[in-house]
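The whole structure should be built from the sequences, with the hints applied where relevant.
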Amino acid sequence: MIVVVLVALMFSAGRAAAQGATPPAPVTDNDINRVAHQLYCPVCENTPLDVCPTQACAQWRATIGDKLAAGWTDQQILDYFVAQYGERVLARPSTHGLNVLVWVIPPLLVLGGAAVLWRFLRQVRPGPKAPAPAAAPPAGGGDEYTDRLEQELRKRI
Amino acid sequence: MVANFGFLALLVALGCALYAAGMALVGAARHRPDYIESAHNAALLTWPLITLAAGLLVVLLVTDQYQINYVHSVTSRAMPFYLKITALWGGQAGSLLWWSWLMATFSAAAMLRKWDRDRALMPYVIAVTMVTLGFFLFMVVGFENPFARLWQLPSGDTAVGMLQPAGAIPMLLADGNGLNPLLRHPGMIIHPPVLYTGFVSFVVPFAFAIAALATHSADDEWIRTTRRWTLVGWLFLSLGLILGGRWAYDVLGWGGYWGWDPVENAAFMPWLTATAFLHSVMIQEKRGMLKRWNMVLIILTYSLVIFGTFLTRSGVLSSVHAFAQSAIGPFFFAFIGITFTISLLLLFREWEHLGSDHQLDSLLSRESAFLLNNLLFMGIAVSVFWGTVFPMVSELITGQTITVGPPFFNRVAGPQFAVLVLLMGVAPLVAWRQASARQLGRMLWIPFVAALALIGVLLAGGMRSVGALFGFGICAFVALTTLMEFWRGTRARMRATGENPMTALLTLIARNRRRYGGYIIHLAVVVMTIGIIGSQFFQQTTQGQVKPGETLSVGQYSIRYDSLSEFTTNDGRQVDRATVSVFKDGQLISTLNPRRDYYFDSQQAMTIPGVRSSVENDVYVLLVDWEPIAANGATFKIYLNPLVNWVWAGGFIFILGTLIAAWPDAAEARRRVTSAVAVAAARV
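Chains as they are written, first to last, in the numbering used here: chain A, 1 to 157; chain B, 1 to 684.
Hints should not be assumed to be uniformly reliable.
Said to hold, decoys possible - FRET-style restraints, in silico, Cβ to Cβ:
(1) Leu108/A x Pro165/B: 52 to 58 angstroms
(2) Leu121/A x Ala218/B: 20 to 26 angstroms
(3) Ile190/B x Arg34/A: 34 to 40 angstroms
(4) Gln123/A x Arg228/B: 32 to 38 angstroms
(5) Gly456/B x Gln123/A: 19 to 25 angstroms
(6) Gln556/B x Leu109/A: 41 to 47 angstroms
(7) Leu108/A x Ser563/B: 53 to 59 angstroms
(8) Gln59/A x Val449/B: 38 to 44 angstroms
(9) Val449/B x Gln123/A: 32 to 38 angstroms
Hints are computed from structural coordinates only; laboratory data are not their basis.
Ideal Cβ placement from N, Cα and C applies to all residues, glycine included.
See below:
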């Protein structure tokens, strides 16, 4: 009996703690901007939400403020905006559906280009020996480079 | 009357352009030098005609002729005189006319050069430049006519057109809308002309390349001829991009200078391929290799230039539906498609003749370093292109549009740029044909150790960002390798001639402008990269509402709101000007005046930040104008941008380096002619 009462007390104490027993910190402009920076204005062209000057954007920022004050996390707010206005509000494209292509294609193309380049470079066939100074075993310091440079310069002076 | 003359001039210019293109091709096909001469003169004639049209438009703009639709949309009585002139490129129609004027100017300059050595190329150069000019004139005359008038129809609706519709009367409005306030800034005054100059100038090397293909020429003549064009065009394109960034920083109010906006990317992509081209042609000049690839690069650059103009002006990226609504969109698309296809067909026809004169001798060589350079530039261009057009692709396929913003571009392009900068430090030290790894190592170890030491120092100082640590390390490495190149050359010269260090250095640069100008550009890139790393990785920001006397803090700085003054200016704006004091660690270091300008005519506001600039950072204070601004309280947003002024300083060094590299040098030209002859003889 005592065990049952104790367990019941523990459960109710746990629920009280979960129901926002800690007072929320006041939401500052910086908090709102932190979230707004990750979003783009749903109706303007290519304007991040933290710098958009329109009335509509001001209201959206106020919405973010309200939700932060209610204890929502950043990710929950972002998900809310996506649910309301679509994927286009995210500054960083998501990785599901067709959007995975935006992330995957560039590395694939660059690697493809590198593969083409590698095949081209492998056709290396050493031609007639390059002029001696370039291939000669280096003597000491960078001096032999300097000698060659001096020779070149003497030709041009 | 004036407008009619202007429009007529454009019509005649269009006729001349099409005539010139046609006659040039017919003359080339039938070996009729007189046809080609006629085409040459018609091409030249386009310039005075378009100059006249542009001049007449300026007259209309400065005399407040609001019955002209364009004048009404971009000027107002309150605007100062000089802004009415710059309004020439302030709207769509004027901007396209401006593009056409630049194209006519460059074509005329090309016509007026000495053609003795490459007469065979002229008809095709005429054809390409005149077809391009013709297209833009067709857009202006057919769809975006800056001389069209406003008419009031009997039904009460407004019509726009050159000629009076039946029953309509001219609409004479008392005042115009005025130029978009964002465009009334010095940076925005010169950014479009400079950028467009950069764009248009690349049409000339492209024209010569096509001419080389059309005349079955497999040599480098077209590259040598257009080298200076390419370099000057590249200078203007670079400057245009830097100015655009500076303007965005000064007036757009988000504390940054590059947002990976589609219009920014549109101008950036041709710069990337053009830079790859600038480097790649050196391989063709030196070793007769990569001829096909250089053709591909210049064709891509031209297509991206037109595509960039298309993206900027047609609104295609806001939505695919806007594309269909804007009349010029489909035409641009078709023009790019047709010119790209014809260029590639010409290239494939010549494919076999453009084989390399030499083979690659070694994996470790200047040639392979340049190839890696090209791979990276193309990789970045492709990444930027894909990110820019993906929203359109997504909308076409799924019906849902997405935003591809800075997080994507920074993540994808950033590492590629880092490798490119690193390569920039190594490649100049790699010998042509076959480099010795041991020798390379000997030249690189000091900069490498110094870079590691710098990273160590930064780590000890508390820096933890991996990207920034790598970035600064690479910058130190490249700066040192490049400076050591200067040192080696100067020291060699001192030993050979006994000159003092300063004279040796200056003469070294003067006599090898291309190489050392290039090295200076590389140093400029390093300086700019340092600025970019600082401002991208370490920016701090804060925003808050304060009453007079209260402060906002960010980093070591506090900003105190002192007072507000409100007044009206005589050029039509209401100004709210705040005074704030900036303290660093408690010491007063500056007073700034962020302000909000509200323009009555266009009913738009602009916020101008108060900025305290130093080598170390910018303290950037903005009035947040969607919150109330009053003497008893206002909202400010403050950015702390470390090292951002290195970006602009690097920009100056960049310009200096390009001027040095491009400066004509009679002695060097003679040397290159003799060495070119020797190279050509060796290849036989």
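Status of the hints after comparison with the structure:
{"no.": "1", "hint": "Leu108/A x Pro165/B: 52 to 58 angstroms", "result": "holds (55 angstroms)"}
{"no.": "2", "hint": "Leu121/A x Ala218/B: 20 to 26 angstroms", "result": "holds (23 angstroms)"}
{"no.": "3", "hint": "Ile190/B x Arg34/A: 34 to 40 angstroms", "result": "holds (36 angstroms)"}
{"no.": "4", "hint": "Gln123/A x Arg228/B: 32 to 38 angstroms", "result": "holds (34 angstroms)"}
{"no.": "5", "hint": "Gly456/B x Gln123/A: 19 to 25 angstroms", "result": "violated (42 angstroms)"}
{"no.": "6", "hint": "Gln556/B x Leu109/A: 41 to 47 angstroms", "result": "holds (44 angstroms)"}
{"no.": "7", "hint": "Leu108/A x Ser563/B: 53 to 59 angstroms", "result": "holds (58 angstroms)"}
{"no.": "8", "hint": "Gln59/A x Val449/B: 38 to 44 angstroms", "result": "violated (56 angstroms)"}
{"no.": "9", "hint": "Val449/B x Gln123/A: 32 to 38 angstroms", "result": "holds (36 angstroms)"}
When each numbered hint is compared with the structure, violations occur for hints 5 and 8.
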